[in-house]
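Peer 1: If you want the building blocks of each chain, they are given just below.
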Amino acid sequence: MSTVAPSQTPAAAAQRPARPAYRVTPARVLRSEWAKLWSLRSTWITLGLGLLFLVAFGLIAAFQFKSRITSGRPMDRDFADASALSLSLFGTNFAQLALGVLGVLVAAGEYSTGMIRSTLAAVPRRLPVLWSKATVYGLIVLLLGTVGVFTAFLADSGILSGTRAAMTFSDAGVLRGLLGAGLYLALVGVIGVALGALLRSVAGGISVLVASLMLVPGLISLLPSSWQTHISPYLPSHAGEAMFALHHDATTLSPAAGLVVFLLWTVLALAGAAVRLVRSDA
Amino acid sequence: MIEAHQLTKRYGEKTAVDRLDFTVRPGTVTGFLGPNGAGKSTTMRMIVGLDAPTSGSVRVNGHRYAAHAAPLQEVGALLEAKSIHPGRSAFNHLMAQAHTHGIPRARVEEVIELTGLQSVARKRAGAFSLGMGQRLGIAAALLGDPATVMLDEPVNGLDPEGVLWIRNLLTSLAAEGRTVFVSSHLMSEVALVADHLIIVGRGRLLADTTVQELVRQAGGDVVKVASADPARLRAALAGPGVEVTGRAGSEELLVTGLPARTIGLRAAEQGIALFELATRTVSLEEAFMDLTRDAVEYHGTTTTAESAAAGAGAESPRSAA
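These protein sequences, in sequence, are chains A and S. Under numbering that gives the first Met the number 0, the first residue of the first sequence is numbered 0, with each subsequent residue one higher. Under numbering that gives the first Met the number 0, the first residue of the second sequence is numbered 0, with each subsequent residue one higher.
This is chain S alone, in the form it adopts within the complex:
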């Protein structure tokens, strides 16, 4: 359980985290989303006491992180991947961490096995690939068998197999009743594992929601329909929960609340000719982008990346009647 209350961090003029209020609950995976520079890492650093809040507070399992007798047992954190001395072996790194808490050597060996580092555990951690470094960071996070697991961009640098492994790990940790808090700047990645979403931009809380709710808020799926008689079609489709929009003089309508199939059948009943019938799927990525558009710290000089991402999954014709 992580509770942030009016959490704020300022660096001189710049406000990195701005009055954040949120709660991360046990038993589910909570995604922490936001564009680069949104204050995700700073927030996580404040949770484990590496940075002190300018104002406000954040508590872990009811107390300040530093007030716990065994901090590693409360929160296991993966912050930046290379929080290690490159000259020390993975085993010695974990062992040094374990000594502070009296964690037995057997547990160190257990997390090494859990993260698949057996073959490299005695090698200098500085020679590790990004993916292995990430695994070592996760091994360190799990060392204290923590009630809360907090990972900052855990899939960075992992190969597809590693990404899958992280997904399974996160869901199984949550299933054991732990609090799992994972940051990412990629909605698509988080949506696969997270039930709950905390979305930030420029340090502010943009949404504290669930994946389903976000889809619903984004308006669900939209069907675009072009017909010979939009006025009559509009009347035929009207009903509770159905919203039809369209410009006057245009033969196109945008319909939410009805599947393309139903729209096609209704039009056929009324004898209205259809020229086009296409479902436009709302992608979570798009909903996320809409939410954070104004909060993106660094805009590219062209919009190609953005429109390419928005275009993915949109305008996919599914059925035509």
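Looking at chain A on its own, in the form it has when it is part of the complex:
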């Protein structure tokens, strides 16, 4: 501790002028959460991975599809009714994991490290912290996800031009699908934040996130089929898929209904997080 001169440091604090008037405002809490997010290396890495998944898997899917067509091999079921849109959104499945997990980390990471004590000491009303985290992270993922899927689509429509999967922005459902995918990823991010704040555990948050997005749809198939048709479309993953899928049938929700249902899931998770944040000791 050679950097310290004990005899002078306290004296430096001695003559302070009149106290400035500080104040906590919602905008300042947002600013703080923004700064917190970007000052961690894990943010850059995970967001980078999310973007990479979106673009790289979109490209790989398109190349695969094209090579099947040109080689004349039979299409497997996944590719049978593929379009440039569905191929360019191939990476969303993987990106949602990375981006959802980062959302969990944004909130639960504060509990696992002890940072939450500093955060709530600065903003003891608490709720502004949750709203700010969800807003900041949701907007960042919205931007990143939208850029990612548009990039993938642009590249894929180049690769696929002339094949039966070719599409352009002017085709029906393309813009809606791409914007829907960006929004879907943003909401997955927000759900991640909410789950992290609700469960206060990185492992717990990630488990519930992965379970609700990937495992529950599989488990539903164990239910009697008459139940399935009533429950299945409203599951978070299926409702979310309806936001960006090109084709809709009787077993899926319309894009608008999908958005509404997925928003409700997001609100539910946020409400749970808000209640826990306000009620429980930090």
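Please note: incorrect hints may appear among the correct ones.
To be verified - In silico DMTMM-like cross-links for lysine to aspartate or glutamate, where the CA-CA straight-line distance does not exceed 25 Å:
hint: 1; chain 1: S; residue 1: K81; chain 2: A; residue 2: D280
hint: 2; chain 1: S; residue 1: K13; chain 2: A; residue 2: D280
hint: 3; chain 1: S; residue 1: K81; chain 2: S; residue 2: E109
hint: 4; chain 1: A; residue 1: K65; chain 2: A; residue 2: D170
hint: 5; chain 1: S; residue 1: K223; chain 2: S; residue 2: E250
hint: 6; chain 1: S; residue 1: K81; chain 2: S; residue 2: D50
Everything labelled a hint here was simulated from the structure, so no lab data went into it. Quantities reported herein were computed from a predicted structural model and do not represent experimental measurements.
Starting from the known structure of chain A, fit chain S onto it as the hints suggest.
Peer 2: Relative to the frame of chain A, chain S by itself:
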């Protein structure tokens, strides 16, 4: 100014803080003492609203902590040392805290300098030593230029230079008219800086007193004197404010209220031979231990630590006549 009123915190069956009433006033350093598990940290967490009281209330500068427009300007708190994200640099940590209140970057740099963290401010806080982590916590506590500074075991993990630095810091903060509230489980450490003491054990208030008062209550210094004629000596020493005790048939007396020198001189005047004359200094540590003996949460299986501490400073022969 911190005012606790019937402050209580229960965790299921266990009562961590039990109907505490106390006031911490500005301009002095108030020590918050108690053995481990006495409820000091829980009390401090309730002061800044991290834990909600089961019943009762605690106010800071007249209001609930969360009701203040700029909480960091009211209370700067160092709670557990690592209230940070280890992946963030010290500067970024402080900056994020500062953003919430609109505290300028210049103030962040000021507290970094004040706590001597300049050389490591850009490094990941997770790599900090215990002492540096403690300094970062203190920097965060001072960030809002708070009227009340509250530190939970601030000297933990600090080297002697750091301990001295904390002592000077605390006294200078109090001298500026701030309220300074410092917890510790070590009486010796607190006695050096605190004027006022709040002592708790098992969540209960054991004493709300001053250092001088505690010494006085503990009976002040005791002189042990062994003589050939204890009965005559007892009569020779009697007087206002003097208390003499001794077992019948023993040649030893315990005298409070008179220095060893006076006792020796009186005995010489009366021609009473003395075999032993020793001042037994009351250590604050001992007074504290007496006070908290029944309230210690975790007793060791042997009493060696306790008796060693109690023995320090006791039975030190000073003058013999």
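Peer 1: Determine for every hint whether it applies to the structure shown.
Peer 2: To see whether the hints hold, each was checked on the structure:
1. Restraint check: the Cα-Cα separation between K81 of chain S and D280 of chain A comes to about 18 Å, which is no more than 25 Å; the hinted pair holds.
2. Simply put, K13 of chain S and D280 of chain A have alpha-carbon atoms about 16 Å apart, close enough for the 25 Å limit, and the pair holds.
3. A distance of roughly 21 Å separates the Cα atoms of K81 of chain S and E109 of chain S; the hinted pair therefore holds under the 25 Å criterion.
4. Restraint check for K65 of chain A and D170 of chain A: the C-alpha separation of about 20 Å stays at or below 25 Å, so the hint holds.
5. Between K223 of chain S and E250 of chain S the CA atoms are separated by roughly 10 Å; this keeps the pair inside 25 Å, and the hint holds.
6. In summary, the hint linking K81 of chain S to D50 of chain S is supported, as the alpha carbons are separated by about 17 Å, within the 25 Å threshold.
The structure shown violates none of the earlier numbered hints.
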